[in-house]
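One-letter residues, chain by chain:
2 protein chains.
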Amino acid sequence: MADAIRALAIDAVEQAKSGHPGMPMGMADVATVLFTRFLKYDAADPRWPDRDRFVLSAGHGSMLLYALLHLTGQAGMGIEDLKKFRQLHSPAAGHPEFGEHPGIETTTGPLGQGIATAVGMALAERMLAARFGKSLVDHRTWVIASDGDLMEGISHEAASLAGHLQLDRLCVLYDDNNISIDGDTSISLSDDALKRFQAYGWATRRVDGHDHEQVAAAMAWAMRSRKPTLIACRTIIGFAAPTKAGTAASHGSPLGAQEAAAAKAAMGWNHGPFEVPEGLKERWEAAGRRGAGTRRSWLKRLANHPMQAEFDRAMAGRLPEAWHEPLAALRARQAEDKPKIATRIASQRALEALVPAVPEMVGGSADLTGSNNTNVKGIPAVSPGNYAGRYVHYGVREHGMAAAMNGMALHGGIIPYSGTFLVFADYLRPSLRLAALMRQRVIHVLTHDSIGLGEDGPTHQPVETLASLRVIPNLCVFRPADALETAECWELAVKRADGPSVLALTRQNLPALRTDSGENRSSRGGYVLAEASGERRATLIATGSEVSLAMAARATLEAEGIPTAVVSLPCWELFALQDELYRSQVLGSALRVGIEAALPFGWDRWLGPEGIFIGMQGFGASAPAEELFRHFGITAEATVAAVKKRLG
Amino acid sequence: MADAIRALAIDAVEQAKSGHPGMPMGMADVATVLFTRFLKYDAADPRWPDRDRFVLSAGHGSMLLYALLHLTGQAGMGIEDLKKFRQLHSPAAGHPEFGEHPGIETTTGPLGQGIATAVGMALAERMLAARFGKSLVDHRTWVIASDGDLMEGISHEAASLAGHLQLDRLCVLYDDNNISIDGDTSISLSDDALKRFQAYGWATRRVDGHDHEQVAAAMAWAMRSRKPTLIACRTIIGFAAPTKAGTAASHGSPLGAQEAAAAKAAMGWNHGPFEVPEGLKERWEAAGRRGAGTRRSWLKRLANHPMQAEFDRAMAGRLPEAWHEPLAALRARQAEDKPKIATRIASQRALEALVPAVPEMVGGSADLTGSNNTNVKGIPAVSPGNYAGRYVHYGVREHGMAAAMNGMALHGGIIPYSGTFLVFADYLRPSLRLAALMRQRVIHVLTHDSIGLGEDGPTHQPVETLASLRVIPNLCVFRPADALETAECWELAVKRADGPSVLALTRQNLPALRTDSGENRSSRGGYVLAEASGERRATLIATGSEVSLAMAARATLEAEGIPTAVVSLPCWELFALQDELYRSQVLGSALRVGIEAALPFGWDRWLGPEGIFIGMQGFGASAPAEELFRHFGITAEATVAAVKKRLG
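In order, the protein sequences belong to chains A and B. This note's numbering applies: residue 32 is where the first sequence begins, and numbers increase by one. This note's numbering applies: residue 32 is where the second sequence begins, and numbers increase by one.
These are calculated hints, taken from the structure and not from any lab test. Treat the hints with care, since some could be wrong.
Remember, identical chains collapse to one label, so a pair may be satisfied in a single copy or spanning two.
Stated by the list, open to error - Subject to a maximum C-alpha distance of 27 Å in a straight line, what follows is the list of computed DSS-like cross-link-like pairs (lysine-lysine):
(1) K331 <-> K526
(2) K371 <-> K48
(3) K526 <-> K676
(4) K312 <-> K226
(5) K312 <-> K165
(6) K312 <-> K258
(7) K371 <-> K71
(8) K226 <-> K258
(9) K71 <-> K258
(10) K369 <-> K676
(11) K226 <-> K526
(12) K526 <-> K369
(13) K258 <-> K526
Taking the hints into account, I'd like the entire structure generated from these sequences.
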């Protein structure tokens, strides 16, 4: 049965004239044991909620996964699809892409992401089991990971977190083949991987990855373990290829016609390209049906479960009926109270309204809970062995946190939000990119969003970070101007089911700017916060903390007889989606002045060639916040002076 | 003596009303032992090349470093400077900032960066010792690292690399205090750090960090070790503070007047704020002079060393006299030969000209040597115990690689360049940001720079990456259009002593576009590659692989009677530095069309509101490259059609 995987991998890579045959050939035995004897799934319904999750972290070996999906008889991965491996519109893309086929649990390829995403899945399983009970949620997460996955830093953060939280439903099958692209791993790697994972609190074992019984015994052991498990499977990359096996030559290129033929001969595989003999295919399809009975029993349990509707709702990603009512009440209250608070504090108030109303929301922070204000009173954190909480102390592990959040969202039943400083978005960026690519609802609370954080200095002051996030497709970057806008942006982020969101929030207090709470004005991305008293001579366009600065500048300009409007632009992406007419009405044809305590990159779009930009020109500095705003010329006075100079 | 550090840290944080007193108070004993008995330095010349490097990875404890610089009598860190801790223009910034004081070896604060940078320093030391001999290069790298540093993923990559390369001159003093911002580390961390580092090939020990003799014995042991060493120093954060010691309350906020007074009383410290009794200060200054004799002997050895001039040149960062001649010859040859090659191959040819001529250039790749084309024939790699090479197999460790490159550049004597795929710039971004902030000459060769990489699909195809890099201050992003421009950009990157550079290079072949090689036309960032035959009706502005596409479009447009110019814009940052007149002449007043196989973000600056952009609108896809360019409408035909439609 494993040879069928190998043959398909060889053929598909040959046909595509590109791809990675070595890994599927090396791990075919391990995968066969997993899919025919251990993995809980039913090929008839690959999205069945209580299935085991299988993550191919070493995504370059995508043909391993596609061959398994095909062989087990899953719809949507026919032999014609395999023949179009790595071609436009084929579900068999170069790397596994979430959304291309229901059997692909997550997008992988960037090394380390799969294993870290799987940690989030395994945590989600434990948390949902705590919420809905073992009769509805009782499954495992299996990962195939490579040397490259384990070399990446994110594997440390993820494995350390999994060990700490004792995620015993997680099993990593480590393809220990001693080969990476540059050659033998010994040129760059001397880790004792087993000892390393033991240091994280994992149970470990080593097996011959081509010995089915050894592999099966280790998997059975893993299922009994009370710790997460790492099974190092000693394999030969490109197994069966007579000259390229065990070398980097089989890693990332087709074997070539001659070597391919010889490999098939060595396996005793005498079928044509893309041919799997009927009997073998039947055995594979029988394996694909192994879980059918288990799934049917589960469906019955679900049908009779008192929490059925709630379970279905959460897993489908539908929000509770009245989820936004407490938030609407908060907005109304804030329109009256006009709290002068930092938007990070406003965010906490929004969470106090949201989290009790949306039970699938799970918070956290990368060791900055008190600074990010991501906690909600009375909501406990998960801890080793106890998963009934709804908050995760991720530790100083931004990257692992973001990947785990992706895994929770992909698992379903959880809307993860979490926090760090905005500048440290750089640390989690590769996982955020995948969230955007997979269109997952994860929400990053990124506080301390400018030089307004003050004394911590340029290492902690984002100046380029907003732009660097705005350029990521499918991501919404919200930078609210006051408490009320913060509540609006939270509402939009939670409602947004088809992509990640970032909330960029201040450390420093901001005055309340709005007294209306009926319409969610942030939903259009930008709007006229204060119209000019007469025909506009200037439009001040600002985000976040600089909107109140713009309002102060407007007051002076109006007093000096210069009719000035202020536009708040909390979300560029939503504003860009509005029609041209709306946008031109908001931005106006008068002198446009952009104000943001960040670099001008990207602002030309809103300001045009004649616009003025008030903001940063380089990195920040260490000093109290107010002094920095003066030092860098980001003040109402500077804005007024620039407008008057231009208008003559 | 340690109490003097504690007292100064307490006073400075109280005065600033912000900062982190706990860590300096906890690690004062360890630092005192290091600075008074082990660290090789001379306060009279903090930049002496053969000094030991000291890296405060836990940069939030900056007052520990500033107190040491002050107490040992280094110029430029007077008591007045400490009183201005965290104020504008003070060298005592919130976190240690490279360049603010000669005794600050690197900027730290973003956790994990210091320890990873130190790995690069330790490797640089070994490589320079191999080149210049032990009589000129024979020093150590000491690091103070926190729980947070060790939780970060980059610590895994760095420590794994250091263990592999047996960097035995590296000693990490781990401030094992069990406290992070969110509270006791047990809420998020269960690692056995010693076992973990042993798994990397390090030697480890645990000591009581308040017992000077235990600490000294461990440091002496570290100096004898043949492996890198981790000394876990069990300390009490905020040591001596009666109620806040051992708690997160002492981590990141002033102690408060009452607790500060009580801490001083507990230490028996009865001096005023910022007062250090004369006798104690003298003892500290004597410690600061400990290395004076060693430095004088070294200076004598240097003066008599046959390689003195070369050593001075390399350490000063001055390029060899005739360094650019082989490159100029290459450019002249390419102007004649017109090679049709990928720019990554052109980069390799440039390196073949540069690397032999610039002996301080040290290459590498994050396990993509064959894809990044960063190797040069005949240049050996370093390996465990053998540091005579000039190439580093960094493994799949992009982040650790970039930080190590920073460390090499900071150490001096090395110009590091290295490679990965452009999309994986995300993985190394936090270190690249620090290189930009510190203005270090590190060069990142980032290949496979668009959908032109083809089948690997959207996870590997950068669409937002160019923009995300262009927004980083002090960074130059080069995207050359052909082999000749690639050589020009390499010349500029190597010459650029005050900041990092990125070369974004293609996987796919490109035609040669230039036949002139006299002037380095890329040095102005952008230039008219082909002027229109008559008065311009359109200007096609492109970078990298899309310049040849623009040339093809121009041919068609000219043939149809539409005079069209083509502008190559290989480096936006250098182009932005040109005067307004030059820029407006290059860009012209005709219809502007930007062409880049990436997102439009940032292009408005060059195109204005009336411009057209031909490029990507979202993530890529998996298919052969040519098919993708057609699929996404990035072709000469699409460009011609867009121009004609607009011109009517």
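Now for the hints, and whether the structure bears them out:
Neither within a single protomer nor between protomers do K331 and K526 lie at most 27 Å apart by alpha-carbon distance, with minima of 31 Å and 71 Å respectively. Taking the shortest Cα distances, K371 and K48 sit within 27 Å of each other only across copies (22 Å), while inside one copy they are farther apart (62 Å). Neither within a single protomer nor between protomers do K526 and K676 lie at most 27 Å apart by alpha-carbon distance, with minima of 44 Å and 40 Å respectively. For the identical chains of this complex, K312 and K226 are neighbours neither inside a copy (40 Å) nor across copies (47 Å), given an alpha-carbon limit of 27 Å.
Taking the closest pair of Cα atoms, K312 and K165 never come within 27 Å of each other, the shortest separation being 34 Å inside a single copy and 66 Å across copies. In this assembly of identical chains, the alpha carbons of K312 and K258 never lie at most 27 Å apart, being 36 Å within a copy and 53 Å across copies at closest. Taking the shortest Cα distances, K371 and K71 never come within 27 Å of each other, neither inside one copy (53 Å) nor across copies (53 Å). When the C-alpha separation of K226 and K258 is checked against a cutoff of 27 Å, the pair qualifies both within a copy, at 14 Å, and between copies, at 17 Å.
For the homomeric pair K71 and K258, the shortest alpha-carbon distance inside one copy (20 Å) is at most 27 Å, but the shortest distance between copies (45 Å) is not. Proximity of K369 and K676 under a CA criterion of 27 Å is satisfied in neither setting, with 34 Å inside one chain copy and 52 Å between copies. Taking identical chains as interchangeable, the C-alpha atoms of K226 and K526 are never at most 27 Å apart, the minima being 44 Å within one chain and 45 Å between chains. When the C-alpha separation of K526 and K369 is checked against a cutoff of 27 Å, the pair qualifies only within one copy, where the shortest distance is 25 Å, while the shortest distance between copies is 55 Å.
Taking identical chains as interchangeable, the C-alpha atoms of K258 and K526 are never at most 27 Å apart, the minima being 36 Å within one chain and 53 Å between chains.
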